[in-house]
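Asks: With the hints as constraints, model all of the structure from the sequences given.
Read top to bottom, the protein sequences are chains A and B.
When you line the first sequence up against this note's numbering, it's residues 1 to 262, in that order.
When you line the second sequence up against this note's numbering, it's residues 1 to 262, in that order.
The hints are simulated quantities; they were obtained by calculation from the structure and are not laboratory data.
It is possible that some hints are incorrect.
[As the list claims (entries may be wrong)] Stretch-level coverage of chain B by chain A, calculated; a stretch enters the list once three of its residues show a Cβ under 8 Å from a Cβ in chain A:
# : segment
1 : 109–122
2 : 143–154
3 : 164–175
These numbers were taken from a predicted model, which means no experiment stands behind them.
Glycine included, C-beta positions come from ideal geometry on N, C-alpha and C.
Protein chains: 2
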Amino acid sequence: MSAGVRSAAPAAGTLYLVPSTLDLDLPEPRAPLANVLPTGVLQRAASLNHWVVENAKSARAFLKRVHEVVPLAQPLQLLDIVELPRPVKGGQPSRPHDLTPLLGPLLAGHDVGLLSEAGMPAVADPGAALVALAHARDVVVRPLVGPSSLLLAIAAAGLNGQSFAFVGYLPVEAAKRSARLRELEALSRRTGQAQWMIETPYRNPALFDSLLDTLALTTRVAIACGLTTPHERVHTDTVAGWRGRRVTIDNRLPAVFGLLAT
Amino acid sequence: MSAGVRSAAPAAGTLYLVPSTLDLDLPEPRAPLANVLPTGVLQRAASLNHWVVENAKSARAFLKRVHEVVPLAQPLQLLDIVELPRPVKGGQPSRPHDLTPLLGPLLAGHDVGLLSEAGMPAVADPGAALVALAHARDVVVRPLVGPSSLLLAIAAAGLNGQSFAFVGYLPVEAAKRSARLRELEALSRRTGQAQWMIETPYRNPALFDSLLDTLALTTRVAIACGLTTPHERVHTDTVAGWRGRRVTIDNRLPAVFGLLAT
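Replies: Next up, the structure:
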């Protein structure tokens, strides 16, 4: 698009989406930053003085690691680091958080980094509402290249790269989870679309068991754990094949699960 | 997963998914490799002697650019570069290509790089069938970090990062394309899932017009063109808002389009 895009905020800063590593809270050894973030992205991250983050503590830990490779433009303790409002447990808040104050530095002309605890902000992670608000104010949004467990899993699974969906978390309660899996399997069979989901690590084994107990023997199931780390494992097999492998699924590593029914 | 994974090919090499840049055939200036590929990924790419690629000519051009940053382990002309079978125009081949020969170097113990013309192999690009075959032979598949226009667009659009689908290309014929868009809009309205699609650059303007003519005024439409390049533009607005912008959509830049109905 080239002509006629309004620029209501001509002096506004740019909102950079800064991907973080995928090894938060994982056992050592961790992968070097240079394996997962381009030098140009590290340089951009080191240059930013204003941040909106999912979690301030993990943001500081990430920026310390950046500093070891590219010195930060300002000392860590002088950076302006603001947390996104935390999601309300047990449902929607009575009214949405007003994120407008978070745009303050941008509208005042400063560049701002958006950072989540792991991977790409605003994908399977908070941040999309702030990005949407930035577009509503005609603030330029620039996504930087870095790791996304979902994208890496989709590529490495070989299920279907031409048609896929990410559906987030499944219900925790076993019967509801199975019902949802059956629904996703039927959708996949009808459309050929691979269906992808995530789970909190300690529930990985329960979700894996549910996949193997619920789905047809011919349905293909992909699991990607610990992506980009020394613990990385990606594998795809039919339900029948997985049953024959007697696999133990780790309950500490972040994982992404996919299915494709035929 | 940890125990019991069969290793039928214990001496096999690893299949590395190597992301390529997104600036193929784009007007200069191009972004430096260091902005879009981690140093570790460039080092891995430079070390590989065996490649399976979407297009040999663009693979050589990519490897020349890698060589300018990290010298290749072997001269370009000595690399083993094999093309994936080209998709048959106008539909499915009478029987699927047998990709088994492409696994040869892997089964003989060599690491192999899989490379598409732009972005992440096997995502909105060929390669998934080879990845699937690698899993069937218990070959280790390792996805490397790099640019994916789809993932960057999803992050930067702010539509819905918790639930989204990629549906590939839409029908070329206008009436069929509109019908498909109405179907995707209805699905999005019912499920809250953002729907993402791509188009051949020269058809970008036609798809954009179709989005604005077909969808409800309140449906949000995202367009991301020229991602990671100096031509990069990402914007999200309602159909009503886009109509007021009198925007011209570039017909040379690769673009990704998304919609979210409310």
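Asks: Would you mind marking each hint as holding or not holding in the structure?
Replies: Now the hints, each set against the structure:
Remark: the segment 109–122 of chain B is confirmed as covered by chain A, as 3 of its residues place a Cβ nearer than 8 Å to a Cβ of that chain, reaching the required three. Coverage of a stretch by a chain is defined here by at least three residues with a beta carbon nearer than 8 Å to that chain's beta carbons; for the segment 143–154 of chain B and chain A the count is 10, and the condition holds. Under the rule that three or more residues need a Cβ within less than 8 Å of chain A, the assignment of the segment 164–175 of chain B holds, with 5 such residues.
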